[in-house]
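2 protein chains.
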Amino acid sequence: MLDKTPATKLNALLETFGGALTRGDIDAAVDCFQDDCYWRDLVAFTWNIKTLEGKDQVRAMLEAQLAATGPSNWAAAEGEAATETDGLIDGWISFETKVARGFGHIRVKNGKIWTLLTTMAELKGHEEKAGFTRPMGAKHGSGPNRRTWKEEREEETAELGFSRQPYCVIIGGGQGGIALGARLKQLGVPTIIIERNERPGDSWRKRYKSLCLHDPVWYDHLPYIDFPKNWPVFSPKDKIGDWLEMYAKVMELNYWSSTEARSASYDETAKEWTVVVERGGKQIVLKPKQLVLATGMSGRPNLPTFPGMEKFKGDQHHSSKHPGPDAYAGKKAVVVGSNNSAHDICAALCEAGADVTMVQRSSTHIVRSDTLMDIGLGALYSEQAVRNGITTAKADLIFASVPYKILHAFQIPLYKQMKERDAAFYDGLEKAGFMLDWGDDGSGLFMKYLRRGSGYYIDVGASQLIIDGKIKLKSGSDVAEITEDAVVLKDGTRLPADVIVYATGYGSMNGWAAELISQEVADKVGKCWGLGSSTTKDPGPWEGEQRNMWKPTQQEALWFHGGNLHQSRHYSQFLALQLKARQEGIPTPVYGLQAVHHLR
Amino acid sequence: MLDKTPATKLNALLETFGGALTRGDIDAAVDCFQDDCYWRDLVAFTWNIKTLEGKDQVRAMLEAQLAATGPSNWAAAEGEAATETDGLIDGWISFETKVARGFGHIRVKNGKIWTLLTTMAELKGHEEKAGFTRPMGAKHGSGPNRRTWKEEREEETAELGFSRQPYCVIIGGGQGGIALGARLKQLGVPTIIIERNERPGDSWRKRYKSLCLHDPVWYDHLPYIDFPKNWPVFSPKDKIGDWLEMYAKVMELNYWSSTEARSASYDETAKEWTVVVERGGKQIVLKPKQLVLATGMSGRPNLPTFPGMEKFKGDQHHSSKHPGPDAYAGKKAVVVGSNNSAHDICAALCEAGADVTMVQRSSTHIVRSDTLMDIGLGALYSEQAVRNGITTAKADLIFASVPYKILHAFQIPLYKQMKERDAAFYDGLEKAGFMLDWGDDGSGLFMKYLRRGSGYYIDVGASQLIIDGKIKLKSGSDVAEITEDAVVLKDGTRLPADVIVYATGYGSMNGWAAELISQEVADKVGKCWGLGSSTTKDPGPWEGEQRNMWKPTQQEALWFHGGNLHQSRHYSQFLALQLKARQEGIPTPVYGLQAVHHLR
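Residue numbers (this note's numbering), protein chains in the order written: chain A, 5 to 604; chain B, 5 to 604.
The hints are simulated quantities; they were obtained by calculation from the structure and are not laboratory data.
For identical chains, the list gives no copy identity; a pair is met inside one copy or between any two copies.
As a list, the in silico EDC-like pairs of lysine to aspartate or glutamate whose alpha-carbon atoms are at most 20 Å apart:
1. Lys233 <-> Glu132
2. Lys325 <-> Glu264
3. Lys253 <-> Glu202
4. Lys213 <-> Glu160
5. Lys8 <-> Glu84
6. Lys233 <-> Glu256
7. Lys253 <-> Asp206
Next up, chain A with everything else stripped away, as it sits in the complex (with noise of 0.2 Å):
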């Protein structure tokens, strides 16, 4: 048996656990899996996003969702050959469901399963046109009166929303709204996006002038168009505008610009959302039976209340209104907070010779960008990943088949790396007085992101001014008052401000809830975002999965939808998938449905 190859290894794993599914033996079926285990699985068993953790999770899941799942075909994914590594193998896996075709992750320690990542591709008879189902478009043949492809499209634009109402409202036409817009399409689900500006991806050209993405391009594919391989590593805003605004044309989204939704609410009974917005000067009434919130996983911005703040004569406001540095050339600019945006403003301010004091209240992580790049992206999102034949819809699986609960154990010794190899970096920081930190546990920034979405800059240029001097630091004391014309710091520090940036972080998405619908049903789906790691501003108790994105709710038909470019490209598909289910009236049993621990 010495000889036994990886694969035939994993084959007779899978028939074995694949048998016991089939059997109903959820005895044999948890048998297959060591003490120290995780199932990851993305809606094709649990109608949810869940890990369930250890051998009882696996078994209570099962216990109550294995006969209506039904899964079956269990077998290694074509042309995917399992590999073996110090007693690890690792290899794709693709099953069926009753309703559903699936493909996942797993890892296998002594013959029983590690990690097991099972997710939903396609729902049976509801699949994508696509490859060799693509639509013909010609109409061959003839007929009278038959249309065009843009009479059809003329008379979609017309009637959804008026005539004929969406299945599915998306508040938001950002990156995540137009993501999840594009797979909906391809699914045959009637849906409007409603955005209150004037152009798919302004919400990316109105924000400040050097503003870049942090995310490299082959972490930022939307679903179906790749950027082509002539694509900056890091897109302007601009640029990335550009595309969001083309995609949305060529997807031929529903997309409402320039409207405003005012509010909504839900009628239990009749199982459908009353949606007000606004356009043309209009009020509409949309009538879905799915409601999205797409307004950014950043929420409400946090405006603070310092004592004095309306005494202030120069221009002030939260980092989400800046208008960039243009106005402040000479002036004085006094920036609050000391994350992404506080360091982008600031390093804008003090290039268009503005004299600029960041205000440092709190430690913040620190990583280069091209050290990020290098150790913390490159296996999975880089040139030489694609070279190395990891597709971007393989490094999503392959980053969703690790366990949240165990993720931070492999990205401690990568920020380990990037200290080392950034060490004199750091120690100028640290001389210049910036107060650093590296996460709670030292496991940097993507668990800070994934925990509390916030407290981190990746720096692409602002530390060395912050080094030099150039951007000045006060750090370690918060603000006691704002004066007619200054900021004055608890310990006494008086900085003269002509202007004052509150670069002091967003609410909870569930605040856009409160906003549109009610802060009842804000605060019956609690707190979006965060694991519950119990680490700052991440409270407990454990999660183990983003709270409340991309799956059900405590508030029936309301979801919500955000992040950054990869969660819009590849939670999109899982959250495309619930919503075709629902449409189509699939039984959708909702597994392990999250309990509300916090309201914001």
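Following the hints, position chain B against chain A.
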């Protein structure tokens, strides 16, 4: 030696061939070819698009070009295994010249080269910034007054054509101009595209409403951004219009829409064009070094001069001006012509409820779209081909590797198959009185396209309307005269008409040069298109390549670019490299500049 693999055999041959070329041993190099041999070169050796037929032509070319070209590093292309079928070895090759890297294809029989394709892939030191070398986008670090992507784009737009002259001007912003413009942009050749319509894609949008591409999606990709997998097989005209518009935008082309080219003249001393265009009511004078006419392979409309045309009281127009069928419901329409446009227009008129008669003056080649897809294109351009690993780039090169001299021999059996498969269909057409042909030598549609660019219809439904008598047919008689209200044929038939459409084709592309530059220059460059096959409408002598297309002409710095989406994609690569080399002052000794045998 019997157990040699195809790879070993190919490597040995390439070593012999490459060695001979390196030593300048032309005898030995020519000896690597079999007597019946073809070497097709796209720019790499000849700075021309040229097929050398037989050893004498190969020898003559090498004698003229070898020293200047300096080829080296002949090898089987990385990652591509040669194959052997019935004694024919087939393989991908790579090589270098002094100034470029090349890629090609080879077929070997009995140890000697039967066909060789050499293409220039990139100029050394002027490689496109893509993949590992893609631009960073974000400018990390900082500096006062550094400009954003948007500011740089705005500056380029404001300057180019005004304070700074483009190196190249492309007249015509359809698929040809757009594809070439995209490649030149990537190569850093400052270019302006002149287009009279308001928006990119309008040359499609403005055609009759039921128009769809007659070629399938796999054949139609533009450079850099493939159509997505959900894109229809046959793109409706407005959808391809939207795609072209978005493409021009995201590829950052300097696209001057709503602009008319008024005149152009070349200063042989200054080596510079003076191109006068009208934009926004103002005349602007451009001074490019290179001028490309990408005004459509079709040239100017051929409007016939039938006696009495001036007396006709209804609408009459060339097919290129046909507004679509909507105004003609219940009216009598006569369409003179029986090729693609005539069929499409007849079908649309018929569907809209007009009483339509097609006047067929000479025989037409008809192929059903499905059949053409399956038998004619399927091996190279289809979902199955993609599945089989035939990328579009590979398909283009495989297609390019078959010399035009023998291409008809590969085509004839395909069209025999088509004729058999659709025998009942062709019977029906003949019973309806339709005059059919299969090209002079039975080689069918693609050869007709290459030889004369006309004489066929890809059936998407109109033929059945003819078979069924829904489109009335008058065949075998030419037009005698037009009266106030009818078309009268030479056989005496009188066809009452409210509208007459002259689907009478187009002239040669050098007609555009006559219009824009002068009749003298148009005559100097001579007829465009056609192979010189001495078949109908493609007079000899044999050229072996499309006349004047994508390659140097008798008029210095004047180029013609056009054709279907496939040709726009494929040949724009070689035209762009020719232009880039000239911009950089790289020597471009042209071998075998074609002589002029026909003026139009």
